[in-house]
Every structure is written in C-alpha cells, then in structure tokens.
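Asks: Take a look at the letters that make up each chain.
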Amino acid sequence: MQTEVVLQERTRTIARGFEAFGPASADFTIDAGRKHTGGRVMQVGAVAPDRPEWRTKIWSNWTSTICRFVLAGVWLWSGLAKAADPLTAERAVRAYQLAPEVLVKPVAWGLPFTEIGLAALLVFGIATRMIAAISLALFGLFITAIGSAWARGIQIACGCFGGGGEDPSASWISYGLEIARDVGFAAIAAWLVTRPQSFLSFGRR
Amino acid sequence: MAKMQARGPQFSQAATGKNRIEAVRMGTSQGQNRAARRRGDPRRPWWRHPAAILGLLVVVAIIGYFVQSRRSSRMAGTEQRPAHALGPGGSELIGAAGAPVLVEVFSDFECPRCAQFQRTVEPQIRKLVDEGKVRLAYYVALTKMDSLPSANAGICAGEQGAFWPYHDYLFAHQLPENSGSPTSDQLIQFGRKVGINSPAFDACVKNGTYNGWVYQINAQGGARGIRILPAIFVNGRMLSDPSSALTTIQEALKAKD
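Line by line, the protein sequences give chains A and W.
Going by our numbering, the first residue of the first sequence is number 23, and it counts up by one from there.
Going by our numbering, the first residue of the second sequence is number 211, and it counts up by one from there.
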C-alpha cells in the first residue's frame, strides 16, 4: 500500500528492498529502486527526489568525471598502441628481463586487451572504484618495472604506449620522465579510488 | 516497536522516528549494517560484483592472448620454405663450403642499428667471405610488424638470385625511424633498380608469399635467445656486441689455424 504512495511504478525493486529489510512497516518503506535514490528510506507519501544528494556534490563529481575520462583515454591509447603490434609488444616485455619466458607472451598480448577493457569500463563508469584500484595497482607495477630496469642499468624504452625493447639512448632523463608520467596517472587513479562518484556514469561508485 | 526489532540487526534500538529513518539509510548506518550489505546486497547487479569485473578482465586478457598469437603466427604451419635458401634454418647463405667459421646474422631491413651494422661491419665480413674464410648465413628477421613486407621482399629477391644487391639497396634507402615502411610498389621499384625484372618477384612481394617464413625465422631467433637486432652468432655463439663481430671472427680463425 505504501509502495503505491511513495513509488508507484517501482514495485519490482521495492519488493527486492523488502527481501533485504523484512516486511513493510506501517510508517515507512524503502526505496531501493533506481540507482539515484541509492536505496534510501522514505517516509510514506514522500516524493523521491529527482536529484539524489550525492549528485549535488558538483565540483568533486566533475573532477572525478574528468579523471575517469582521462584515465580511460590513457588506457585506451596504451592498449591500442600495444595491441597493434604483437611482435613489438613481445620484444618490449622481454627487454625488461623481469617476466620468465613462459609469461612474456601472455603479458605482452593479454595486458593490452585488459587495458582496453579497463578503458571501456571507465568510460561507462561501471565499478569505478574497483577499476581505479586495479589501475593504481597496474601503475605501481609499471613504475616498479621501469625503476628496476633503471636500477639494473638495462637500457630500454618503456614500451608503455607502443614501441619498446632495447634503446641505447635510454638515460636517467627518459626513465625519470616515464616514472613521473606514471606517477601522474597513478595520482588520477588514486583520486578516483577516494572519490569514485561522478557524472555520466552507470552506478554510484 | 518490538516488531521492528525482530526484523534484523540493521534496525538499531536507539534509532527512532526520523533518526531511525536516517539510520537505515544505505551505507550510512552502523558498520554492522554496512558489512551485511557488502556480503550480499540483493540489489547489486551481478556485473557489479568484484569477482565478475576481475573475471571479465581476465577473460579479455585470455582472448587477447589468443587473438595476438593468431595474428603473430597467422601463417604458422602453412609457411612456404624458400627453395633457394639453403643456409641453416632456411637462411641466405654465401661462402665456400669449407670455410672454417660460420657467421650468422639476424637483421631487419628497417632497423637503424641493423643498417649501421650493415654499413660498418658487414663489408669486412663479406671480404672474409670472398677470401673463403667465412660462411655468412643471413636471417631476415623482424623488429616490428611493419618490417614484414620488406623482409618478405628480401626473400623474394633471393628467389630471383638477387638477395645481396637487394639487401644492400634496402639498407642504403632505409627510411628514417618512425616514418613508415616502403609500400609493396616501392619494394618492387627497388627490385627494378637492382635488376630484378620478373613478374614472379612482383607477385611474391604483393602476395607476401614468405610472410609465414619470416615469422618462422623470427621465432627461431626468439628461441635462440635474441633480444635485440642485429644479432650475430659466430660458430653458434651469440655476440653481446655486434660491433665486436670482427675481432671474434679473427679469434675464431686463429683458433682454427
């Protein structure tokens, strides 16, 4: 009965809300319906707000939106560039001398596709926090790999956006720039981990 | 009220009236409630579950692996062995049969370091070849996918008996790095320049007849531990520095004497 008052057209989701919270009480019901209401408890007769509270934190939401698209762009670019040329990608991974030979090809050929997948999920804003956390972990991995190549005195190109392999012109400048760039990307991912709410997204986080 | 409490832990006793409403707000009430939500939220669609997302990414990676391995060995098994290439592993071989030292070179027509090697060290090796001291086996390998047409064209030229002049011409007219690769028409024109006037050569360049063979050579190189081109082997031992090839060859010749 209450459901009719509060949210007439959402009987299906209301029913699911009841499963979680027990039978309907006399004086309130739970709107577990559309994503923007975030499953909040409503007083009988209340009108579900068009704009949920979290959507009104404008500046941080917009920042997160921009971060999401920037990070998606980074992943898409790096993924496509590496997927375009499997031979070069293989050479680039091997040049790090980190992965054992059996893992060189899976990393060189699988990782770019994973990166494109991350980009796609970021564009749609699906599970933003988790994707951002995975991105952060990957950037950490990349920074470690470049740093270790630098420390071991191996002269290679990063191969982060295509190319890669041995590079006799590699110097502390190129390694430093590559690490600085990845730290920048990691900072974007870290922001999204702490503030995953953004506009133009599927779901809140 | 008693009815309410029976309903579950998420309904706090302290919370009444408006506060209670506040308290059961999703994700903002007590930790207990939050933990319960995290364990199994019936409203969270299956694709928002961490396992689903991670699984998706892993599946995408596996698909990528198979796509790329198909791409990089598209012709595996169907590769055509060039009849003229009689060197070890199907390489281009020159030199007297009785020469004491075998030098193997893995190189790419479009890699700048390979061109540098071809300019500086190779002429001296070729001199030793002419003197009958060295056999030179040349493997047309790849540093990048873009080099495939010219690598294939090199083998096509070999089929017409003009591998070495064509090889010299390609290196002499190498494009600067990152400015693309010669088209098949250009490669055919290069052939004309070194005196190859054969429709068979044109067809071979256009069809990429030996693409599979080049991949196969590249795989051989990988199996032999090549990490960078050019790679030079003297009597089967890889040199760490291509520019030291000549001294190593001299030492090998001395050891044989």
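These are calculated hints, taken from the structure and not from any lab test.
Possibly wrong hints are sitting among the right ones.
[Said to hold, decoys possible] Cβ-to-Cβ under 8 Å is the rule here; a few derived chain W residues that face chain A:
#: 1; residue: Arg258
#: 2; residue: Ala271
#: 3; residue: Gly274
#: 4; residue: Thr353
#: 5; residue: Leu385
#: 6; residue: Gly390
#: 7; residue: Val404
#: 8; residue: Arg434
#: 9; residue: Ile438
#: 10; residue: Leu449
#: 11; residue: Ser453
#: 12; residue: Thr457
Note that beta-carbon positions come from the ideal geometry of N, C-alpha and C, so glycine has one too.
Asks: If a hint holds in the structure, say so; if it does not, say that too.
Replies: Verification of the supplied hints:
1. For W/Arg258, the interface hint holds, the least distance from its beta-carbon to any beta-carbon of chain A being 6 Å, beneath 8 Å.
2. At about 3 Å, the closest approach between the beta carbon of W/Ala271 and any beta carbon in chain A falls short of 8 Å, and the interface hint on this residue holds.
3. Of the supplied interface hints, the one on W/Gly274 holds, with its beta-carbon coming within about 3 Å of a beta-carbon of chain A, less than 8 Å.
4. The interface hint given for W/Thr353 is met, as the beta carbon of that residue sits about 7 Å from the closest beta carbon of chain A, less than 8 Å.
5. Hint status for W/Leu385 relative to chain A: violated, with the closest Cβ pair at about 16 Å, above 8 Å.
6. A distance limit of 8 Å between C-beta atoms decides the matter here; for W/Gly390 the minimum to chain A is near 13 Å, and the interface restraint is violated.
7. The beta carbon of W/Val404 is not positioned within 8 Å of any beta carbon in chain A (closest approach about 27 Å), and the interface hint is therefore violated.
8. Because the smallest distance between the Cβ of W/Arg434 and any Cβ of chain A comes to about 12 Å, over 8 Å, the interface hint for this residue is violated.
9. Using the Cβ-Cβ criterion of 8 Å, the hint placing W/Ile438 at the interface with chain A is satisfied: the shortest such distance is roughly 4 Å.
10. Taken as an interface hint, W/Leu449 does not check out: its beta carbon lies about 15 Å from the nearest beta carbon of chain A, beyond 8 Å.
11. About 12 Å separates the beta-carbon of W/Ser453 from the nearest beta-carbon of chain A, more than 8 Å, and the hint is not met.
12. For W/Thr457, the interface hint is violated, since its Cβ never comes within 8 Å of a Cβ in chain A; the closest pair sits about 20 Å apart.
In terms of the numbered hints stated before, the structure departs from hints 5, 6, 7, 8, 10, 11, 12, listed from lowest to highest.
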